[in-house]
Structure formats: C-alpha cells, structure tokens
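Enquirer: Sequence:
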Amino acid sequence: MKRFSVLVKPTGAICNLDCDYCYFLSKERLYPDSRFRMTDAVLDSYVEQLLSSQPETATIAWQGGEPTMMGLDFYRRSIAAVERHRRPDQQVGYSIQTNATLIDDDWASFFREHRFLVGVSIDGPRLLHDAYRTDKRGKGTFDRVIAGYETLRRHDVDVNVLCAVHAANQAHPLDVYRFLRNELGAEFIQFIPIVERVTEAHLPLANLGWGPERPLQVQTGDQVTDRSVTAEGYGRFLTTVFDEWFSHDIGRVYVQHFDVALASWHGVAGGLCIFDETCGTALALEHNGDLYSCDHYVEPEYLLGNIGATPVAALAGSESQRQFGAAKVESLPEYCRSCEVRFACNGGCPKNRLTTTPDGEEGLNYLCAGYKMFFTHVGRPMRVMSDLLNRGLAPALAAEIMNGKPIAGY
Numbered sequence: 004m005k006r007f008s009v010l011v012k013p014t015g016a017i018c019n020l021d022c023d024y025c026y027f028l029s030k031e032r033l034y035p036d037s038r039f040r041m042t043d044a045v046l047d048s049y050v051e052q053l054l055s056s057q058p059e060t061a062t063i064a065w066q067g068g069e070p071t072m073m074g075l076d077f078y079r080r081s082i083a084a085v086e087r088h089r090r091p092d093q094q095v096g097y098s099i100q101t102n103a104t105l106i107d108d109d110w111a112s113f114f115r116e117h118r119f120l121v122g123v124s125i126d127g128p129r130l131l132h133d134a135y136r137t138d139k140r141g142k143g144t145f146d147r148v149i150a151g152y153e154t155l156r157r158h159d160v161d162v163n164v165l166c167a168v169h170a171a172n173q174a175h176p177l178d179v180y181r182f183l184r185n186e187l188g189a190e191f192i193q194f195i196p197i198v199e200r201v202t203e204a205h206l207p208l209a210n211l212g213w214g215p216e217r218p219l220q221v222q223t224g225d226q227v228t229d230r231s232v233t234a235e236g237y238g239r240f241l242t243t244v245f246d247e248w249f250s251h252d253i254g255r256v257y258v259q260h261f262d263v264a265l266a267s268w269h270g271v272a273g274g275l276c277i278f279d280e281t282c283g284t285a286l287a288l289e290h291n292g293d294l295y296s297c298d299h300y301v302e303p304e305y306l307l308g309n310i311g312a313t314p315v316a317a318l319a320g321s322e323s324q325r326q327f328g329a330a331k332v333e334s335l336p337e338y339c340r341s342c343e344v345r346f347a348c349n350g351g352c353p354k355n356r357l358t359t360t361p362d363g364e365e366g367l368n369y370l371c372a373g374y375k376m377f378f379t380h381v382g383r384p385m386r387v388m389s390d391l392l393n394r395g396l397a398p399a400l401a402a403e404i405m406n407g408k409p410i411a412g413y
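First residue of the sequence shown? That's 4 in this note's numbering, and the numbers climb one at a time after it.
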C-alpha cells in the first residue's frame, strides 16, 4: 500500500482558544460524554502499530484542538513509547501544530531535545491576527502567541508558521508576509485558505440548543461564511506574495505553495495532498482511537474504525479508504480535466468543491478562480527554476535570468 500519515488529536477538538473560523471545535459533539484525553493504552497501541507499518522512517504528528493541553508529561511518555517500539534502524521524527499560547521554556527545551518540527498558527500583525484568533473571552491572542513563538526561537526549535488567509487579511498580503519574514524571522511558511462552509456546525449556537448565539453572515449563495477568503482574494494574496518572494527570498524563505508548485513544474511529487491527483493518505486519529479518512472529514460517515479493534495500517489500506482517495479524481468536472493548470492543481481539496462550472457541472472548487490565477501567474518563473535545477544551477538565479542578466552555464 501507499505510505500514509496520521494527524493525531490527543485532546480531540478541545482547545484553550475559540478562533471564530475553526472548523474543528464543533467535532466535540461527536463524543458527548468524553473527557477528550488520549489514554496511555491508546497512545502505546498507536505508536506500536504505526512504527510496525512504516519502513526506515516514520513521523508522529500531533494536532488538535490544542495538543499542548495534554501536558508535557504525555509527550514524554510518547517518546518513551517510541523508544520501546521502534526498530534499531528506524528513524522517527516528531511534529506538532500549536497555537503556542502555552509554550514556555520547558516545552521549548523538550521540543529542541527531541527535534520536533513545531507549527505555530499566526495570521499576521496584531490587528489581522486578532480579527478571528480569540480566546474563550473573545480577547485577542497575539501577545501570547508571539511570546510562545519567541520562546521557541530562543531555544532554536525548528518552527513552521501556519498563516490562515481569510476575509480580514486577504487584502494585506505584503503586510502579512513582511511581518512574518522581517519581524518574526520566519523561514518556513504555509498559507492556508479559510473556506468555512455553512453547515449545521456554523449555524448560530442557540439554534442547536447548546450555547450562546453567535451572529453569522454568509456569502456566495449561502455556501461559505463571511469570514471565508474569496477565491479571487486568495489568488491575489498568493500572487502578490510570490512576486515579493521571487524577487528577494528564493532559497532564504520557503513557502509551501511555491515549493509544491515548483515540484509540479519539475515533474516530481509535491507532498501536499490538496494538489495531488488522488488523496486518502493523510488520516486523522481521534483521542479514543477512532481513525477517520481525513482531518477535514472527521464525520461519522468517514469513520474507518477504531485502532483498538483493527490495526491502523489495515484501516488506512481498506477498500473504503481507497475509494475515498480515488473519488477525488473520479469526481473531477470536465472543466477541470481540460484546464491548462490541472497538473498543478488537480481540482484542489474535495472539501472545497462547493460550486458549479460555467456550464453547470457540479463539483468545482470554491477557490478555482484563485488557483487558476496563481498557477497561471507563476508558470514562467516555475519553468525557469525547473530548467535551472535540470542544469544543476540554483533556482535563486531565476529572477536575474528573467531580468535579462547573463548567467554562466545557462
């Protein structure tokens, strides 16, 4: 079977923040009587199953909710479990995605010792970050996030910034990028689009009978909330940041979308599931051992089973999961199949296929116009960078070549 990865959610949907656009907080309702804490038995079983199913290398990836709410001792026990179960020649890496508000010197020292890759969610400068990333009292979290981020940097932890692009910051791409690059010194950045579907999970909570009412506005035919990035806004955001990056930062700052695009033009796998032709190799494990088809499909109909009853590798390789992954390409509209940038986009993530094509076929990605704008915009630079790689030259020379400067060996 294909290699697979698992995002492990030891606290389920439980988080110490209350970000307005978070799609996962509502998943708490799937487990109404749970304490939302992964037991040591589930932890040990998962680690043993994962490592036995992987070849020379494996990655333990933690997410949430907010995974640091488990406490540092839980992760010490996870390291001990790895040491019990890994083969002598097996290399195991660790990653964790966090809002960083609970990070202190002890956490940072632990991450450094065990070489964790730590993803920190930051949406830009204070006003843009605090627009939606708030705590349970509705207060902004910028100062606490930056304090945690700086603690990680002070301990020389490998940090990857995850920046959500939404209605509040989509019109400020350079403000966001330059803040992350210049003020925070970020070297690895992901720009994740917020496409918040209008489903039961996003209705005013009073209508569901379990909390105070939140006002909600919607847009685009009542398909997404007003917090969502627009397709064109996302395209302009990415292209504007790309131009800044291409002129100044190739080889110095790594932006996930740009790296993946270059891989597509170079004819190699990019490693980002949303742009792969098929999907189904990135699964999500809940706190109680339930395994789901994908982090964005933690819903009853996509529950593959529980690893206490069926090994994780068997669930990941099951026929239902194969069908889930194949559906991405099989359901692709003809409009996408004939698109000149399909090789780079492949219709995007199925969770965002909310609209119809110009001729009325269902299944078009909500972000289609933005993706088409971006991939078209970067086509020539990507071809030049790919050609440089083929010649054994640095892609950073691409800007000089496109400006007409002679380059030895090119």
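If you're looking for bench data, these hints aren't it; they were derived computationally from the structure.
No experiment lies behind these values; they were computed from the predicted model shown.
Check each hint, because a few of them may be wrong.
As the list claims (entries may be wrong) - Listed next, with one range per pair, are the computed distances between beta-carbon atoms: (1) Gly141 x Asp36: 25 to 33 Å; (2) Arg115 x Glu337: 16 to 24 Å; (3) Pro409 x Leu177: 47 to 55 Å; (4) Glu116 x Arg383: 38 to 46 Å; (5) Gly320 x Gly74: 31 to 39 Å; (6) Asp246 x Arg90: 40 to 48 Å.
What the hints assert, rightly or not - For lysine-lysine, the following BS3-like pairs were computed, each having C-alpha atoms within a straight-line distance of at most 25 Å: (7) Lys139 x Lys5; (8) Lys142 x Lys30; (9) Lys30 x Lys354; (10) Lys375 x Lys354; (11) Lys5 x Lys354.
Every residue gets a Cβ at the ideal spot worked out from N, C-alpha and C, and that includes glycine.
Enquirer: Is the hinted range of 47 to 55 Å satisfied by the C-beta distance from proline 409 to leucine 177?
Expert: 31 Å, violated
Enquirer: Within 25 Å, alpha carbon to alpha carbon, are lysine 5 and lysine 354?
Expert: 22 Å, holds
Enquirer: Is 40 to 48 Å respected by the C-beta to C-beta distance linking aspartate 246 and arginine 90?
Expert: 47 Å, holds
Enquirer: Is 25 to 33 Å respected by the C-beta to C-beta distance linking glycine 141 and aspartate 36?
Expert: 28 Å, holds
Enquirer: Quick one, are lysine 30 and lysine 354 close enough, alpha carbons at most 25 Å?
Expert: 16 Å, holds
Enquirer: Straight-line Cα separation of lysine 142 and lysine 30 no greater than 25 Å?
Expert: 23 Å, holds
Enquirer: Taking the CB of glycine 320 and the CB of glycine 74, does the distance hold inside 31 to 39 Å?
Expert: Holds, since glycine 320 and glycine 74 (Cβ atoms, about 33 Å apart) stay within the stated range.
Enquirer: Quick check on a hinted range of 16 to 24 Å for arginine 115 and glutamate 337, using CB atoms only.
Expert: 51 Å, violated
Enquirer: Straight-line Cα separation of lysine 139 and lysine 5 no greater than 25 Å?
Expert: Violated, at roughly 41 Å.
Enquirer: That 38 to 46 Å hint for glutamate 116 and arginine 383 (C-beta), does it hold up?
Expert: Given about 45 Å between the Cβ atoms, the range holds.
Enquirer: Holds or violated: are the alpha carbons of lysine 375 and lysine 354 at most 25 Å from each other?
Expert: At roughly 18 Å apart (the allowed maximum being 25 Å), lysine 354 and lysine 375 satisfy the hint.
Of the numbered hints listed earlier, those contradicted by the structure are 2, 3 and 7.
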